[in-house]
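There are 2 protein chains.
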Amino acid sequence: MARGVTHVQPEDGLTTRQRRHRPLVAVHTGVGKGKSTAAFGLALRGWNQGWSIGVFQFVKSAKWRIGEQAALEALGRVHEETGEGGPIEWHKMGSGWSWSRKGGTEEDHAAQAAEGWAEIKRRLAAETHTVYVLDEFTYPVKWGWIDADDVVTTLTERPGYQHVIITGRDCDQRIIDVADLVTEMTKIKHPFDNGQPGQKGIEW
Amino acid sequence: MARGVTHVQPEDGLTTRQRRHRPLVAVHTGVGKGKSTAAFGLALRGWNQGWSIGVFQFVKSAKWRIGEQAALEALGRVHEETGEGGPIEWHKMGSGWSWSRKGGTEEDHAAQAAEGWAEIKRRLAAETHTVYVLDEFTYPVKWGWIDADDVVTTLTERPGYQHVIITGRDCDQRIIDVADLVTEMTKIKHPFDNGQPGQKGIEW
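Taken in order, these protein sequences are the chains called A and B. Quick note, the first sequence lines up with residues 1 to 204 if you use our numbering. Quick note, the second sequence lines up with residues 1 to 204 if you use our numbering.
Don't read these hints as lab results, they were simulated from the structure. Treat each hint with caution, since some may be false.
List of simulated lysine-lysine pairs, DSSO-like, C-alpha gap at most 27 angstroms [what the hints assert, rightly or not]:
1) B/Lys189 to B/Lys200
2) A/Lys189 to B/Lys187
3) A/Lys187 to A/Lys200
4) A/Lys189 to B/Lys189
All values reported here derive from a predicted model rather than from experimental measurement.
The whole structure should be built from the sequences, with the hints applied where relevant.
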């Protein structure tokens, strides 16, 4: 079967064209590598479509994505300078959310996570971006800092054409239930098993 | 346990610094999404390190990666113009390998795949790149167009500091055996199941 071709005929009353332009909620979960990396790879595709990309990192150890951040921000500058691709914004909790002017000294992680989610809700309501990468978003949900039912309601009722990609281990089942695309990354073999530490260019 | 920290003490006589700079063979396999996307995400990290990136697509349907190709090639131009990041080359079998001047009319896929592998062997011997993405490389191996034992020998004996990332379903066990990092992407839920066709920005 050719890729991109489905033989299932859904009874949803939509044309193929309408279905082709349906926004998705994607979840990358599991204990293996590649959950976030694949999300940033999807951001490349969106950039090429000229879409607005918003990345929101829900972790404190912000150093771990510097490669992707630098590369995606470089693509954002390409867009600003040449009009090629789309705009890219990168916001990280670890250094204070960019839209909040409190700086990076806030120590209450739970409040920071809730603040990040509140901003994402505002942006979804305003249809600010076409692609939202909510990186390691599963953890603040797991820890009860963000209400999973609120996430489900917000995602299912979001207006317009907005893709949302959620990464992290142990995704809440309620979010999986409303997701369109769920992939589990499974570790088969990892260099840490043999005492290999993380290394630049590979882990960050 | 902090990420990047391992508590296993390997008995390989290497210092942590030496192990940290050990080149990896990574395999992204399984039937789920994200195998190639995560590989291109890794290319972002390598780009940010200033590494030379070589992408080699072993599939005919070259339209399926246009987003990543456009974005990575834009990053390659950023490098050429500003010195930021590293150089990126993108070669695809579907339109004739870039280094071969035969054009895109060659119909013998097996010969094309073998030609691509021969070029990769030359580049590994010459230490041309720091990161090699061999996209959907598992298929020509599975179909017998490229000899798995030759791949194993080439990978295990490659000189210098060169990371190799192999993507595709059904990776040959011999290659998995010599890989350092193997991740299986498993499909939990996919829009195709509900009759959703592939869409721009998501599938390509």
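Outcome of the hint check:
1. B/Lys189 to B/Lys200: Answer holds: lysine 189 of chain B to lysine 200 of chain B is near 19 angstroms, not above 27 angstroms.
2. A/Lys189 to B/Lys187: 19 angstroms, holds
3. A/Lys187 to A/Lys200: Holds, at roughly 20 angstroms.
4. A/Lys189 to B/Lys189: Holds. Lysine 189 of chain A to lysine 189 of chain B sits at ~24 angstroms (cutoff 27 angstroms).
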